[in-house]
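Those protein sequence lines, which keep their order, are chains Y and D.
So the mapping is simple: my numbering equals the position in the first sequence, first residue as 1, plus 19.
So the mapping is simple: my numbering equals the position in the second sequence, first residue as 1, plus 19.
It is worth saying that the hints were derived from the structure and are not from the lab.
Every value quoted in this text rests on a predicted model; they were computed, and no experiment measured them.
Where is the CB? At the ideal position from N, CA and C, for every residue including glycine.
Don't take each hint at face value.
[What the hints assert, rightly or not] Straight-line alpha carbon distances no greater than 20 Å define the calculated DMTMM-like cross-link-like pairs of lysine to aspartate or glutamate that follow:
hint, chain 1, residue 1, chain 2, residue 2
1, Y, 153, D, 172
2, Y, 153, D, 204
3, Y, 134, Y, 124
4, Y, 153, D, 117
5, Y, 153, D, 79
6, D, 153, Y, 79
7, Y, 153, D, 152
8, D, 153, Y, 152
9, Y, 153, D, 23
10, D, 232, D, 174
11, D, 232, D, 152
[Unchecked claim] Covered by chain Y, per the in silico footprint, the following chain D stretches (three or more residues, Cβ under 8 Å):
hint, stretch
12, 67-77
13, 178-191
14, 211-223
So you can see what is in the structure, the chains are spelled out below.
2 protein chains.
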Amino acid sequence: MKTERIQLDHGAGGRASQDLVAATFIPALANPILTQLNDSALLEFEGVRLAMSTDSYVVDPIFFPGGDIGSLAVHGTVNDLAMRGAQPLYLTAGFILEEGLQLSDLERLVSSMAKAAQEAGVQVVAADTKVVEKGKADRIFINTAGVGTIPPEVDVAGQNARPGDVLLINGPMGDHGIAVLSTREGLSFQTAIESDSAALNGLVAAMLEASSKVHVLRDPTRGGVATALNEVAKQSGVGIRLEESSLPVRREVNAACEMLGLDPLYVANEGKVLVLVAPEDAELVLNTMRQHPLGQEACIIGEAVSEHPGRVVLQTGIGGRRIVDMLSGEQLPRIC
Amino acid sequence: MKTERIQLDHGAGGRASQDLVAATFIPALANPILTQLNDSALLEFEGVRLAMSTDSYVVDPIFFPGGDIGSLAVHGTVNDLAMRGAQPLYLTAGFILEEGLQLSDLERLVSSMAKAAQEAGVQVVAADTKVVEKGKADRIFINTAGVGTIPPEVDVAGQNARPGDVLLINGPMGDHGIAVLSTREGLSFQTAIESDSAALNGLVAAMLEASSKVHVLRDPTRGGVATALNEVAKQSGVGIRLEESSLPVRREVNAACEMLGLDPLYVANEGKVLVLVAPEDAELVLNTMRQHPLGQEACIIGEAVSEHPGRVVLQTGIGGRRIVDMLSGEQLPRIC
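Model the full structure from these sequences, guided by the hints.
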């Protein structure tokens, strides 16, 4: 989709984002590391393997139930590193502030970052602050980049799924997206929906310690579970079969999605991980996840198959099947 | 300066920026690495020493004589790594795009980044793109973070200046700031003033190869030479004496500064390095710099002294002296 101007779709994490990356960024910047398109890059320094990743955060509103742009900026990048099996260690933080931002809001966000970093066991080692005139940004944007070490025996990447791998998720889908959207739109539901924003590195470390047969880890953020699985299916050249009846969604998130015309499969998560693991270790990994505070609601939702490589297919309750494509347009702008 | 709202001063790189960092960021995020406040952080992994740094770029306009926000985003972070004596290797790039940005402009900027990265010998290994609604950003903001390896024998840091060290710079001051400001304000001068934006890692490597007695490297970006030297004076606990008659400024930059009421000592550079080197190696390092394309106009501009620790003093032509403080307010907003 080569349009003449940037549209909100280009930032939604779905097909338009991918097309932009493929048409504009990859041709110019291509190198063997970047073009792997994993959540983080793998770097080698004299035998030390590091993962490195970056994300900018522009979520609107900057405070939402269950988190804020400060904690999100820590969790998001920590998780991108963890998805490579890395132990996240160091973050950088780049702040773009709009003139007129309340200093008390900035202080609250920085405290929230600090708390999130401490809980995740990472240090913010370098930072930068820029200020732009009122009306040239939207209160605050935060970029974080991070590095972490990958233990020698770990080999987790989007390319590694194999037919037969069992697909797990650590809990229900869509909490983050619905929490942010509800706040932004001033919607209220009977039960408050909180973002699932959380650092997943502890959960991931527990899984990798329990099993050496975890092949793929992917956090379904922008574009949701559907988009993340489409990426993995393409990277690994496998098909992915999803069992509709197994897909976990909170009742209140489901109700909100119905009201808003959204499919929870496409709604952003910030504390969820999709896991593809060899079938013989699936039960072990599932139990390990359930013993962790962030995996108590873990469940099996599908499997990798040799049919329909590159595609995700949903097995519906009545024996039907439908193709689940990646997010094709802008579903929820500025969700992270 | 504890104000209730963020002001443009807070992003100018001078005293207001420092006060914000000291009052808001350091107390919350403090750790032994961050609080060294060098251009980049020093990290150790099983004997491998890495420098890591980040900067966000919000320069207005995004295209200016001698560069653009794309090349600047590469040069700036490469230089922050080089100031620690590191060999820059890998960058991440985070793009925040305003809805409506011309795709052709984005393509031009990404090409410019790619060219700058190739020339500097670094790879962009991870990237992220966000899009915000029209009016919520200003065309494009770019964050880059970078890592590089520090050779075992290298020990360059803002804390290392000693009385007697000779102070050098690799060429005239203020080109970048005046080039950007002229374009923004639609000023035209008889001679076009181009930004000095350049990757300094090659020049730095040549200096460090020639001498093991380079103590401090610092790139005088926002806040200019005056602010950078004040930072070094404080970090090292030395005084710095500047010789006014030795300070290099292009004639046309000087004229522009006079017209605009600016002091070149406070105007941003993006391809300059301040060097403090033991006196016995000063001539050697100076000659090494002059043999490099980016150091042909290198010169000695002062020295570190034991008097007035923490302060920078300018020796004027007529035998007078005046204290050169760091930038105290907003001189040039969005210069980088």
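Comparing the hints with the structure gives:
1. Y/153 <-> D/172: violated (47 Å)
2. Y/153 <-> D/204: holds (19 Å)
3. Y/134 <-> Y/124: holds (15 Å)
4. Y/153 <-> D/117: holds (15 Å)
5. Y/153 <-> D/79: holds (14 Å)
6. D/153 <-> Y/79: Judged against 20 Å, a Cα distance of about 14 Å means the pair holds.
7. Y/153 <-> D/152: Roughly 15 Å separates the two Cα atoms, so the pair holds.
8. D/153 <-> Y/152: holds (15 Å)
9. Y/153 <-> D/23: The given pair, whose Cα atoms are some 15 Å apart, holds under the 20 Å limit.
10. D/232 <-> D/174: holds (9 Å)
11. D/232 <-> D/152: This hinted pair is violated, its Cα atoms lying about 51 Å apart.
12. 67-77: holds (count 9)
13. 178-191: violated (count 0)
14. 211-223: That given contact is violated, which follows from only 0 residues of the stretch 211-223 of chain D lying within Cβ reach (below 8 Å) of chain Y.
Consistency with the previously given hints fails for numbers 1, 11, 13, 14, ordered from lowest to highest.
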